[in-house]
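2 protein chains.
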Amino acid sequence: MSRSDATILPVALGDRAYDIHIGPGLIDDPNAYAGAIAGRDVLIVTNETVDPLYRSRVETALAHDHRIDTLVLADGEATKSMATLDTVTTRLLENRCGRDATVIALGGGVIGDLAGFAAAIYQRGIDFVQLPTTLLAQVDSSVGGKTGVNHPLGKNMIGAFHQPRRVLADIDVLASLPAREFAAGMAEVIKYGLIRDAAFFDWLEANMAAITARQPELLIEVIRRSCANKAEVVVADEREAGERALLNLGHTFGHALEAELGYGAWLHGEAVAAGMCMAADTSHRLGWLDAAQVTRIETVIAAAGLPTAPPATAPAARIHDLMYRDKKMSAGALRLVLLKDIGHAVLESDYGATLEATLARYLAA
Amino acid sequence: MSRSDATILPVALGDRAYDIHIGPGLIDDPNAYAGAIAGRDVLIVTNETVDPLYRSRVETALAHDHRIDTLVLADGEATKSMATLDTVTTRLLENRCGRDATVIALGGGVIGDLAGFAAAIYQRGIDFVQLPTTLLAQVDSSVGGKTGVNHPLGKNMIGAFHQPRRVLADIDVLASLPAREFAAGMAEVIKYGLIRDAAFFDWLEANMAAITARQPELLIEVIRRSCANKAEVVVADEREAGERALLNLGHTFGHALEAELGYGAWLHGEAVAAGMCMAADTSHRLGWLDAAQVTRIETVIAAAGLPTAPPATAPAARIHDLMYRDKKMSAGALRLVLLKDIGHAVLESDYGATLEATLARYLAA
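Chains as they are written, first to last, in our numbering: chain A, 51 to 415; chain B, 51 to 415.
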């Protein structure tokens, strides 16, 4: 595929509108960056894994027009900290960057969240451009404007909404992605079909073998349609008051599983995949999904190389507590994202004892 | 004066609109807070000086409806740091505060900037209410939404735009304010007259003796008209692209003086007062102000108890360098806020050698 195959998806957020470019060869193409970098100064923020793969290619694409510095951080969730945030802003100040400087986030979700937050608070907000290097980052964190770091007392507790100036989702970077990480990204892709796009779910069902073989044309469609769905939700609900909550299908279960198993034991996408199957089970118990629909959901998730259930050894009572601990941070009852149908999610707190029945089915007494 | 004398000034920022209440007895009045605090949890952030004066009164006003915790920080500019910011967000997390919690900033500009920034980034943004306890904070930082902390490499370099839910400017707190601090606040008040409100300047000129005697009716008018002027500028230019720069009259000179004298040797308002006189001198040299107008400006500033010139011992070349150092952080030439007339400021970079002439007049060779 050539550069001309790139797809451009606009995210219509008024004076914070931006485009997502999806296609091959974007990282190397100066035209892909054109118009997205206002000033001379650029700080690339990346990690030790991504640095040797792509950093020099970004630098080459931009060297003609910009003064470029690169900050290479440790790989992993621990980098999403206040201390590392300070490292980024300090580098910007050492370089005497003004308000027209641009931060480029070159990496996965951790780098995007951290570098985006640094851009959000440096001199009360400067531009940033995202070059997501994982499927998860391309379909999830490239839309929505959520940036931030972790606090020792809670994940993602410190942050800001800050929209990127552009996202370059280069599908070439997916070729070298480990199978497990690719699958974890697919969990969020399947999620978009389940919550609001039944036709996309059908398409995923029909094409999963070719998608997991990473055929370029199909990858573009996977990313485009995922981002388009997320963008529609975010545009309608930028500050996360209503429909945006539906993006959390499988996440309340999933976060509890991650906390119980220890962060990193399961990838986020794997926990979400199991959580979506549990949400489908609860929805079935409420009479909303029939058995055939639940089977279709489990089959697609399994075909993507993802788990359809949590480890049976996890204690149900503990998972229940962890789900409610999440809830205590906000007012009101524990609301779950459940499915009225494939392609139709709702936020529901009136599920009675079906939640306990689901936990009892999947987990240890 | 009774509570019914309170004035309410709306700041029309769309879905971030809020009211500034100005009057006596507000701190003690539960009605003044009504509708501004959405949830149960409140964290009061204050400092060691203000705490014994007002904290218990705020707690008493709110105790019936809210769960209140108070964080008392050291007084002074050093509190505006990333480390103290972390102290605030940690306390919010320790208290298990959710997105419906409210931060109350009880203090001067340092507390307002710090507590407002903590509210801006806690869970990507929660409400905050300002109870400014200095004249400067009431007329300056209560409008505009600028929040943030200092970095070892630069003041106010890390921050966010985050509007308060309400501002309670209780004029009773001004009675105990030291004369020098009151005067420092008046520098910003006079500034509003100079840059865009000639009638207000005339009124200040006619009433300065009664204002410095702190007559309550006059204090309300001082605060209301200052905030109304700043609000008009901010509403037109929330993200600081254009007219908002005019609010910096006297500040480019003033910041250089503060840096040269050592922060704290002169109060910010004192440096701005001297800076405004220097800007008036440059404007006179450009033929924009006549000598009588310059004298009127100096007379009002002196009547407020403020300096009309910098220490003559400061070296002109050094002040010149410091003014340009500010400039290097942004693109383009050094632009100064100058006066075409009393009540009419402009942003000008084409002032030729008049700047050097002004520096030579006021400073050492």
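The hints are simulated quantities; they were obtained by calculation from the structure and are not laboratory data.
Heads up, a few of these hints could be off.
Quick look at which bits of chain A chain B covers, simulated, 3 or more residues with Cβ under 8 angstroms [stated by the list, open to error]:
#	segment
1	171-183
2	236-250
3	408-415
If you want a taste of the chain A side facing chain B, the calculated C-beta under 8 angstroms gives, among others [unchecked claim]:
#	residue
4	81
5	85
6	196
7	270
Glycine residues also receive a C-beta, built at the ideal position from the N, C-alpha and C atoms.
Closer than 8 angstroms, Cβ to Cβ, for at least three residues: run that test on the segment 408-415 of chain A against chain B and report holds or violated. violated (count 0)
Is the coverage entry for the segment 236-250 of chain A by chain B consistent with the three-residue Cβ rule at 8 angstroms? The restraint on the segment 236-250 of chain A is violated, since only 0 of its residues have a Cβ under 8 angstroms from chain B and three are required.
Was the hint right that residue 196 of chain A lines chain B, CB cutoff 8 angstroms? holds, 7 angstroms
Using Cβ atoms only, decide whether residue 270 of chain A comes closer than 8 angstroms to chain B, and label the hint accordingly. violated, 31 angstroms
Cut-off 8 angstroms, beta-carbon criterion: hint that residue 85 of chain A touches chain B: Interface hint status for residue 85 of chain A: violated (17 angstroms vs cutoff 8 angstroms).
Close enough to count: is the Cβ of residue 81 of chain A nearer than 8 angstroms to one in chain B? violated, 24 angstroms
Are at least 3 residues of the segment 171-183 of chain A within less than 8 angstroms of chain B when you compare beta carbons? Held - the segment 171-183 of chain A has 5 residues with a Cβ nearer than 8 angstroms to chain B, which meets the minimum of three.
Of the hints listed earlier, those the structure fails to meet are numbers 2, 3, 4, 5 and 7, in rising order.
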